[in-house]
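S.K.: Sequence:
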Amino acid sequence: MNFAKRITSIALASVTAISLCGTQMFFEEQHLIGEAYTFDAFTYDGYLNYWKIDEDDDGIYDYIEITGCDDSATEVEIPSEIDGVSVTSISDFAFNNHYNLNTVTIPDSVVSVGFDAFYKCTNLKKVILSNSITEIDGRTFAYCTNLESIVIPDGVASIGSEAFYECTNLKEIIIPDTVENFNAYAFLGTQWLEDKRAENPLIIINDILVDGAVCSGDVVIPDNVVGIGSGAFYENTEITSLIIPDSVEYIGALAFCLCTGISTIVIPDSITTIGDAAFESFQSLESIIIPDGVISIGDYAFYDCPNLSDITIPDSVTSIGSMAFCECESLENITIPDSVTSLDSSVFSGCSALSNVRLSNNITEIPSMAFNACTSLESITIPDSVTRIISLAFANTSLKNVIVPDSVIDIDYYAFEECENLESITIMNPECHIGYSSETISNGTDEEYNVYFNGIIYGYENSTAQEYAEYCDYTFESLGEAPEKRPTGDANNDNKLTVSDAAFIARTLAKRETIDAETNPFADYNNDGKVTVADAAAIARFLAKAKI
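458 is the number of the first residue of the sequence shown in the numbering used here; add one for each residue after it.
Hints are not guaranteed to be accurate.
[Said to hold, decoys possible] In the DSSO-like style, the derived pairs of lysine-lysine whose C-alpha atoms are separated by at most 27 angstroms in a straight line are:
| # | residue 1 | residue 2 |
| --- | --- | --- |
| 1 | 987 | 942 |
| 2 | 1002 | 942 |
| 3 | 653 | 628 |
| 4 | 942 | 953 |
| 5 | 953 | 968 |
| 6 | 577 | 628 |
| 7 | 953 | 1002 |
| 8 | 953 | 987 |
| 9 | 628 | 582 |
| 10 | 857 | 953 |
| 11 | 653 | 583 |
| 12 | 987 | 1002 |
| 13 | 628 | 583 |
| 14 | 582 | 653 |
| 15 | 987 | 968 |
[To be verified] FRET-style restraints, in silico, Cβ to Cβ:
| # | residue 1 | residue 2 | range |
| --- | --- | --- | --- |
| 16 | 986 | 833 | 38 to 46 angstroms |
| 17 | 560 | 867 | 54 to 62 angstroms |
| 18 | 585 | 796 | 46 to 54 angstroms |
| 19 | 671 | 792 | 37 to 45 angstroms |
| 20 | 752 | 864 | 24 to 32 angstroms |
| 21 | 740 | 971 | 52 to 60 angstroms |
| 22 | 950 | 819 | 24 to 32 angstroms |
| 23 | 819 | 918 | 30 to 38 angstroms |
| 24 | 717 | 792 | 42 to 50 angstroms |
| 25 | 860 | 790 | 16 to 24 angstroms |
| 26 | 529 | 497 | 20 to 28 angstroms |
FYI, nobody ran anything at the bench for these hints, they're computed from the structure.
As the structure is a prediction and not an experimental result, all values here were calculated from the model.
Think of the CB as a built atom: it goes at the ideal place given N, C-alpha and C, for glycine as much as any other residue.
Can you build the whole structure from these sequences, using the hints too?
M.R.: So this is what it looks like as structure tokens:
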């Protein structure tokens, strides 16, 4: 028996149980990106369930994915092919909670084993893994309480979060030197980890510090360590000081999360990445210097560090993740260097002492809730690079007078909601889209829950700022007629794009003179950072087409 089911992009992952010929079969509806494909579901050898997958929907099966087995099965030997089609994967949740499963053999044709694939197979004792897999996914063998040994094949580069979590009898793990990424809790609850901790409180594998959860006092990380793994010191409150050597290149996610006993930490110049939540809830941390060389600061990296009052971000950093400094209640000043091109949502939300902010001149958005509830923030300079101010970006701040530059094309709903001290906002772009809600710009709500704004909205005559103010019954004051926008290609600065501009460029260059794209950016018509005859030619072509 077989049946076909078409999978398209599905917003949320879910699992559907279907009874077929007395066998429980699990079909995972995944969040898939890309075109639809068709699969047919079958049973092999009377007990092993699988999908034949036709990715191109051309009637030819591309590969087979194993999806589970009969609940009574004790030994599973997965074939390398079925009916001439290669078996290449084991789906997420494929064998989870199969309590009778005792041994599993996975052939080398299999290149991926899914999340939770053998979760809570509590009688599983022996597993032979494919030599073709490159990672052990999250919770793959979690709660396999009878598993005593495992050989991880050469070629595996990553071991996922909780991969062997609470495998309480797991004493022997052979880890090849190809593994370079150990995720949080990968071995927590195993006898192997307990034995390693008894030997040395710092567990180092392949030059990566995997676990330091039982360290205490002053900790010195050895010079050979190149990375601090995810969750390595998670919730270790017994460490009072820590020295990280120059050999370390990255700090993994959750590495020092909830290490409440450390008040200062020096990050060496060798570090390039600070992972998600690496220093989250570092309660005693007061100051930190992020060294030159760090490129990215992860989500939640310094979230809820209430005593952090001083931080230096170098000009090597290009991105700062979501909630990276959220709830740092003692942080007063922050300078975001021009190297930073992106900030993520809620990056400084809840920094109630933050009063002085210098933004990068290369960010294009003020993200959602970026400075929400920064109640000490009274002024901000929005750089000309910014094109959008996202929802709640400056909500619940103490801003008094704001100038939104003409580069901004969109002020999202609630961007300046409940700014109780806001006296004026000047919107320089006459065509800026403004979220049509009285809460987008407001001082708060009165006792009857009516939204109000007692300040003044400044903008040009017949602008969207005027339209918004009239819609909300707010006070509007005109800046006069909107200036005519200078078009790209206006090399001679007459606010028009004509053949004279192409001629101006050609004549100037013919004299062996240069036109600086920085001082006259409008002459750089093709936007390649320089002004050449190519710009003159492009202007001429555009004008010629316009006349047709």
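S.K.: Each hint should be assessed against the structure and marked as holding or not.
M.R.: Hints, verified against the model:
A distance of roughly 22 angstroms separates the Cα atoms of residue 987 and residue 942; the hinted pair therefore holds under the 27 angstroms criterion. For the given pair, residue 1002 sits about 22 angstroms from residue 942 by alpha-carbon distance, which is consistent with the 27 angstroms threshold. This hinted pair checks out: residue 653 and residue 628 have alpha carbons roughly 10 angstroms apart, not beyond 27 angstroms. Proximity of residue 942 to residue 953 is assessed by CA-CA distance (about 9 angstroms); at most 27 angstroms being required, the pair is judged to hold.
Taken as a hint, the residue 953 and residue 968 pair is honoured in the structure, with Cα atoms around 24 angstroms apart against an allowance of 27 angstroms. This hinted pair checks out: residue 577 and residue 628 have alpha carbons roughly 18 angstroms apart, not beyond 27 angstroms. Restraint check for residue 953 and residue 1002: satisfied, since their Cα atoms lie roughly 17 angstroms apart, inside the 27 angstroms limit. Only pairs whose Cα atoms come within 27 angstroms are accepted, and residue 953 paired with residue 987 is accepted, the gap being roughly 20 angstroms.
For a cut-off of 27 angstroms, the pair hint linking residue 628 to residue 582 stands: about 12 angstroms separates their Cα positions. For the proposed pair residue 857 and residue 953, the alpha carbon gap of about 37 angstroms is over 27 angstroms, so the pair is violated. For the proposed pair residue 653 and residue 583, the alpha carbon gap of about 22 angstroms is at most 27 angstroms, so the pair holds. Distance check on the hinted pair: residue 987 and residue 1002 sit about 24 angstroms apart at the alpha-carbon level, within 27 angstroms; holds.
A C-alpha spacing of about 13 angstroms is found between residue 628 and residue 583, which places the hinted pair at or below 27 angstroms, so the restraint holds. At most 27 angstroms may separate the alpha-carbon atoms for a hinted pair to count; residue 582 and residue 653 meet this at roughly 21 angstroms. Annotation: proposed proximity of residue 987 to residue 968 holds, straight-line Cα distance about 17 angstroms (limit 27 angstroms). Roughly 40 angstroms separates the CB atoms of residue 986 and residue 833, a value that falls within the hinted 38 to 46 angstroms.
Separated by about 59 angstroms at the C-beta atoms, residue 560 and residue 867 satisfy the suggested range of 54 to 62 angstroms. Distance hint for residue 585 and residue 796: a CB-CB separation of about 49 angstroms, consistent with the stated range 46 to 54 angstroms. Against the hinted window of 37 to 45 angstroms, the Cβ-Cβ separation of residue 671 and residue 792 comes to about 39 angstroms, which satisfies the hint. A hinted range of 24 to 32 angstroms holds for the C-beta pair residue 752 and residue 864, which are about 26 angstroms apart.
For residue 740 and residue 971, the hinted distance range of 52 to 60 angstroms is satisfied, since their beta carbons lie about 57 angstroms from each other. A beta carbon spacing of about 26 angstroms between residue 950 and residue 819 agrees with the range 24 to 32 angstroms that was offered as a hint. One distance hint, 30 to 38 angstroms for the beta-carbon pair residue 819 and residue 918, holds here, with the actual separation near 32 angstroms. Range check, residue 717 to residue 792: Cβ separation about 28 angstroms, and the 42 to 50 angstroms hint is violated.
Checked against the given bound of 16 to 24 angstroms, the beta carbons of residue 860 and residue 790, roughly 21 angstroms apart, stay inside it. In this structure the hint that residue 529 and residue 497 lie 20 to 28 angstroms apart at CB holds, the actual value being about 24 angstroms.
Checked against the numbered hints above, the structure breaks hints 10, 24 and satisfies the rest.
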